[in-house]
Amino acid sequence: MYFIRMSVAFILIALLAIAFIPLVLFRPFHRRNTGNICAIAYPVMAWYWGVRIEFENEHRLAPDVPTVLIANHQDTEDMFFIESVIRPGTAVLGKWELIYVPFVGCVFWLAGNILIKRSNKKKAKQALQLAAEQMQNNNLSLLFFPEGTRNWGKPLPFKLGAFKLAIEAGAPIQPVCFSLRHKTLNYKRWRSGVIKVKCLEPIPTEGLTQDDALELAIKCRKLIEKQCEEITSRMLQST
Numbered sequence: 001m002y003f004i005r006m007s008v009a010f011i012l013i014a015l016l017a018i019a020f021i022p023l024v025l026f027r028p029f030h031r032r033n034t035g036n037i038c039a040i041a042y043p044v045m046a047w048y049w050g051v052r053i054e055f056e057n058e059h060r061l062a063p064d065v066p067t068v069l070i071a072n073h074q075d076t077e078d079m080f081f082i083e084s085v086i087r088p089g090t091a092v093l094g095k096w097e098l099i100y101v102p103f104v105g106c107v108f109w110l111a112g113n114i115l116i117k118r119s120n121k122k123k124a125k126q127a128l129q130l131a132a133e134q135m136q137n138n139n140l141s142l143l144f145f146p147e148g149t150r151n152w153g154k155p156l157p158f159k160l161g162a163f164k165l166a167i168e169a170g171a172p173i174q175p176v177c178f179s180l181r182h183k184t185l186n187y188k189r190w191r192s193g194v195i196k197v198k199c200l201e202p203i204p205t206e207g208l209t210q211d212d213a214l215e216l217a218i219k220c221r222k223l224i225e226k227q228c229e230e231i232t233s234r235m236l237q238s239t
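Heads up: the sequence shown runs through residues 1 to 239, numbered per my numbering.
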């Protein structure tokens, strides 16, 4: 059942991408593209998966200043549900390999999101520098999965790119915590369940240097790990 639903979900994502091609061709790389796309795609995917998403401190997803948003990375399904936290003026930093996904990769890039080739440190650094410039020049916020790799359990060690970028751009970090879906959702049912999203207090980076990036990453990882477990535990206790 799950694999059938996942296959149909990918087809649905591809169809949505095709529908958004005129938008990204009409105004390529516009700062509001990704948020506008997600405002339509998110309700569709939530309906398809039978999921209700509940927010805590949702207002923090639309910051007044350029912000680096970081979220815990769980599995492939993140691509369906991360849309719920992306507002106009926010773009996503994704893996370069996304460009090869039919329709989706092209729309992702033309929407103004940033692709990074992690295997090439020089190009990855250049991509982060470009991201910092876009944040400052276009009042753009960026969303990262700082783990870089999907993981169902405790968050893996955070890579430093998001934190170095935030420090370079002088941007606050907005931690976003998703409840652990493998513990709370049941994809065998049409109504799979509830996902809770908690937006923590923004963390300022003023006065920090690149030497502080590692300590900042460790701090954010601990915060997100603790909150994800607490959110999930409360959900399990209430069922």
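If you're looking for bench data, these hints aren't it; they were derived computationally from the structure. There's no promise every hint is true.
Stated by the list, open to error - With a Cα cut of at most 35 Å, we get these calculated DSBU-like pairs of lysine-lysine:
hint, residue 1, residue 2
1, 196, 222
2, 183, 222
3, 122, 95
4, 222, 117
5, 226, 123
6, 183, 117
7, 188, 123
8, 183, 196
9, 95, 196
10, 222, 198
11, 183, 122
12, 95, 123
13, 183, 226
14, 188, 198
15, 95, 125
16, 226, 121
17, 125, 222
18, 123, 159
19, 159, 183
20, 117, 226
21, 121, 188
22, 219, 196
23, 222, 95
24, 125, 226
25, 226, 122
26, 226, 198
27, 198, 123
28, 198, 117
29, 125, 196
30, 198, 125
31, 122, 188
32, 95, 159
33, 125, 188
34, 117, 95
35, 117, 159
36, 188, 95
37, 188, 226
38, 219, 121
39, 196, 159
The hints, checked one at a time:
1. 196 / 222: 19 Å, holds
2. 183 / 222: 20 Å, holds
3. 122 / 95: 15 Å, holds
4. 222 / 117: 27 Å, holds
5. 226 / 123: This hinted pair holds, its Cα atoms lying about 33 Å apart.
6. 183 / 117: 32 Å, holds
7. 188 / 123: 42 Å, violated
8. 183 / 196: 12 Å, holds
9. 95 / 196: Holds: residue 95 and residue 196 sit about 26 Å apart, inside 35 Å.
10. 222 / 198: 15 Å, holds
11. 183 / 122: Violated, at roughly 39 Å.
12. 95 / 123: This hinted pair holds, its Cα atoms lying about 12 Å apart.
13. 183 / 226: 16 Å, holds
14. 188 / 198: 26 Å, holds
15. 95 / 125: Since the Cα atoms of residue 95 and residue 125 sit roughly 13 Å apart, the hinted pair holds (cutoff 35 Å).
16. 226 / 121: Holds, because 31 Å separates the two Cα atoms, which is no more than 35 Å.
17. 125 / 222: 25 Å, holds
18. 123 / 159: 16 Å, holds
19. 159 / 183: 25 Å, holds
20. 117 / 226: 30 Å, holds
21. 121 / 188: 42 Å, violated
22. 219 / 196: 22 Å, holds
23. 222 / 95: Holds - the C-alpha atoms of residue 95 and residue 222 are around 24 Å apart, at most 35 Å.
24. 125 / 226: 30 Å, holds
25. 226 / 122: 34 Å, holds
26. 226 / 198: Roughly 12 Å separates the two Cα atoms, so the pair holds.
27. 198 / 123: It holds: about 33 Å lies between the C-alpha atoms, which stays within 35 Å.
28. 198 / 117: 30 Å, holds
29. 125 / 196: 33 Å, holds
30. 198 / 125: Distance ~30 Å between residue 198 and residue 125 Cα, so the pair holds.
31. 122 / 188: With a Cα-Cα distance of about 45 Å, the restraint between residue 122 and residue 188 is violated, given a limit of 35 Å.
32. 95 / 159: 13 Å, holds
33. 125 / 188: 43 Å, violated
34. 117 / 95: At roughly 6 Å apart (the allowed maximum being 35 Å), residue 95 and residue 117 satisfy the hint.
35. 117 / 159: 14 Å, holds
36. 188 / 95: 30 Å, holds
37. 188 / 226: 28 Å, holds
38. 219 / 121: 24 Å, holds
39. 196 / 159: 25 Å, holds
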